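S.K.: Letter by letter, the chains look like this.
There are 4 protein chains.
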Amino acid sequence: MRKPYFKGIDGAPEPLRATFKRKVRFEEVDPLGIVWHGRYPSYFEDGRVTLGHLNGIGYLDFREQNVAAPIKQMHMDYIKPLYYGDTAHIEAILHWNEAARLNYEFIIRNDTGEITTTGYTVQLFIDSNQELMMFLPDFYMNFLQRWKAGKL
Amino acid sequence: MRKPYFKGIDGAPEPLRATFKRKVRFEEVDPLGIVWHGRYPSYFEDGRVTLGHLNGIGYLDFREQNVAAPIKQMHMDYIKPLYYGDTAHIEAILHWNEAARLNYEFIIRNDTGEITTTGYTVQLFIDSNQELMMFLPDFYMNFLQRWKAGKL
Amino acid sequence: MRKPYFKGIDGAPEPLRATFKRKVRFEEVDPLGIVWHGRYPSYFEDGRVTLGHLNGIGYLDFREQNVAAPIKQMHMDYIKPLYYGDTAHIEAILHWNEAARLNYEFIIRNDTGEITTTGYTVQLFIDSNQELMMFLPDFYMNFLQRWKAGKL
Amino acid sequence: MRKPYFKGIDGAPEPLRATFKRKVRFEEVDPLGIVWHGRYPSYFEDGRVTLGHLNGIGYLDFREQNVAAPIKQMHMDYIKPLYYGDTAHIEAILHWNEAARLNYEFIIRNDTGEITTTGYTVQLFIDSNQELMMFLPDFYMNFLQRWKAGKL
Numbered sequence: 003m004r005k006p007y008f009k010g011i012d013g014a015p016e017p018l019r020a021t022f023k024r025k026v027r028f029e030e031v032d033p034l035g036i037v038w039h040g041r042y043p044s045y046f047e048d049g050r051v052t053l054g055h056l057n058g059i060g061y062l063d064f065r066e067q068n069v070a071a072p073i074k075q076m077h078m079d080y081i082k083p084l085y086y087g088d089t090a091h092i093e094a095i096l097h098w099n100e101a102a103r104l105n106y107e108f109i110i111r112n113d114t115g116e117i118t119t120t121g122y123t124v125q126l127f128i129d130s131n132q133e134l135m136m137f138l139p140d141f142y143m144n145f146l147q148r149w150k151a152g153k154l
Numbered sequence: 003m004r005k006p007y008f009k010g011i012d013g014a015p016e017p018l019r020a021t022f023k024r025k026v027r028f029e030e031v032d033p034l035g036i037v038w039h040g041r042y043p044s045y046f047e048d049g050r051v052t053l054g055h056l057n058g059i060g061y062l063d064f065r066e067q068n069v070a071a072p073i074k075q076m077h078m079d080y081i082k083p084l085y086y087g088d089t090a091h092i093e094a095i096l097h098w099n100e101a102a103r104l105n106y107e108f109i110i111r112n113d114t115g116e117i118t119t120t121g122y123t124v125q126l127f128i129d130s131n132q133e134l135m136m137f138l139p140d141f142y143m144n145f146l147q148r149w150k151a152g153k154l
Numbered sequence: 003m004r005k006p007y008f009k010g011i012d013g014a015p016e017p018l019r020a021t022f023k024r025k026v027r028f029e030e031v032d033p034l035g036i037v038w039h040g041r042y043p044s045y046f047e048d049g050r051v052t053l054g055h056l057n058g059i060g061y062l063d064f065r066e067q068n069v070a071a072p073i074k075q076m077h078m079d080y081i082k083p084l085y086y087g088d089t090a091h092i093e094a095i096l097h098w099n100e101a102a103r104l105n106y107e108f109i110i111r112n113d114t115g116e117i118t119t120t121g122y123t124v125q126l127f128i129d130s131n132q133e134l135m136m137f138l139p140d141f142y143m144n145f146l147q148r149w150k151a152g153k154l
Numbered sequence: 003m004r005k006p007y008f009k010g011i012d013g014a015p016e017p018l019r020a021t022f023k024r025k026v027r028f029e030e031v032d033p034l035g036i037v038w039h040g041r042y043p044s045y046f047e048d049g050r051v052t053l054g055h056l057n058g059i060g061y062l063d064f065r066e067q068n069v070a071a072p073i074k075q076m077h078m079d080y081i082k083p084l085y086y087g088d089t090a091h092i093e094a095i096l097h098w099n100e101a102a103r104l105n106y107e108f109i110i111r112n113d114t115g116e117i118t119t120t121g122y123t124v125q126l127f128i129d130s131n132q133e134l135m136m137f138l139p140d141f142y143m144n145f146l147q148r149w150k151a152g153k154l
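Protein chains in written order, with the numbering used here: chain A, 3 to 154; chain B, 3 to 154; chain C, 3 to 154; chain D, 3 to 154.
Simulated from the structure, these hints should not be mistaken for laboratory data. Careful: at least some of the hints might be erroneous.
[Said to hold, decoys possible] For lysine-lysine, the following DSBU-like pairs were computed, each having C-alpha atoms within a straight-line distance of at most 30 Å:
(1) Lys153/D x Lys74/C
(2) Lys25/B x Lys74/D
(3) Lys82/A x Lys25/C
(4) Lys82/B x Lys153/B
(5) Lys153/D x Lys82/D
Owing to the predicted nature of the structure, the values given are computational and were not obtained by experimental measurement.
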């Protein structure tokens, strides 16, 4: 049993989930015949972008409000390799949090459903002065309310 | 004060250190004008390769002995951005460990010496049957002896 | 009217065509807000892989016969930029040729059908001794026969 | 004897030349054990950036004048592969031209001086309205004068 990446919060709604499928490219495979470990930030991003877009909290949604959400922390656990010809099934899981931050977990599976890679990223909200936001932007607060109300 | 990434070991020799300088490339910078977070595995690798090469434990040294040392875990903390025109000073720090694993810490600084990024990678030794090695290969045991004897 | 990249051959069958759709990734966009010119080899490859896979002449089909088909020439004409959020519609067009070579043309269009990028690649067949093949491997000759017979 | 990529101009001063050395990275090598063909735009860029920086016509010099110089055409001829452990010696050669364009040729050699790759890029000057510039910006005209006068 994997240890959870994020501490649970009492009364939190269920995490949001979205999956993106991506075929391994030849150029992503290293001389050992496996996807090079440094490609996975791009795989994680595909999952994150998919979930963000589905829920109205994508990069362009943030940018419209002059908010950026840069990555402050990233972690990866490599369990099994991915090979040329494989399809990566990238599941992004957004965990509930009431602060100005995004806690994403990722689970990548191969075509037979085996977990190949897990990890997480943490993003913090930055305003147009490059300062950490202490409060939540309106569009994001609305998103949290819809999430809590089970309307996503 | 940063919390250490690896637990200290009693009686361990001092970590090994090596630094690689790398100028930020235009292609590494994202639409926000900063090095995209997913480029840092490549930066870390430059540090790791430099230290490995200096000490006879590089990729080619391992390959010659039919040993691979794939990355099992990677972690990154993003503290400040790097910009186009910056030079990243990538310090790799190898921490003492007597198991068949490599515990690397990384500290990236900008031209004014500010820490921009820290992180670590963990590698485990795999033999030619893709099995985790339980013992240390000879060339690596020699490397540990020279390290302990202060001869590196 | 664009000048053709490859000279027509009398009596040649129609070119083969396949299209792959690819959403522009954040990491592919440069500080000027457009897809960096050096990403397009990957876009072309997505088109080439799609056509090759559909017709039994993909990388794995070649590898099974101990034949490699490395790129010997690549050319790109950049007409309009692609932006974050765009989908690239990558059309690969394989032109008839009876030698041990692959002449691929590429046309990338944006969501409104405008041509953004065109180009070509030339690949030559190499045997397991790294020598240029003077004759066609059987599986490839069969492929040419089916193409000529209109059975693809 | 290679056919020249650019037509000579009567009375033109000698081309400008600069070389950048770059060690092949593990991540750049494909499953066939050679640098993947699509990495070369980055190699060319290292040569171009080196020459531009030396002569005051780098990306930042253009940006300061609100001029961009996007790549309109790129061409590559792959002659020999580069391998892990190799150093690429990337020579950028700027050919004289009095229009608002940059004609760069590239020659990459390996450690034994063999030519592995050649190619070229063409850049056109764009003003802040994204229009092609019909005239030369002052700083660039000065650069041409110094070049013609042999003062570079």
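S.K.: Does each hint fit the structure? Answer for all of them.
M.R.: Here is how each hint holds up against the structure:
no., hint, verdict
1, Lys153/D x Lys74/C, "violated (38 Å)"
2, Lys25/B x Lys74/D, "holds (25 Å)"
3, Lys82/A x Lys25/C, "holds (27 Å)"
4, Lys82/B x Lys153/B, "violated (36 Å)"
5, Lys153/D x Lys82/D, "violated (36 Å)"
The structure shown violates the earlier hints numbered 1, 4 and 5.
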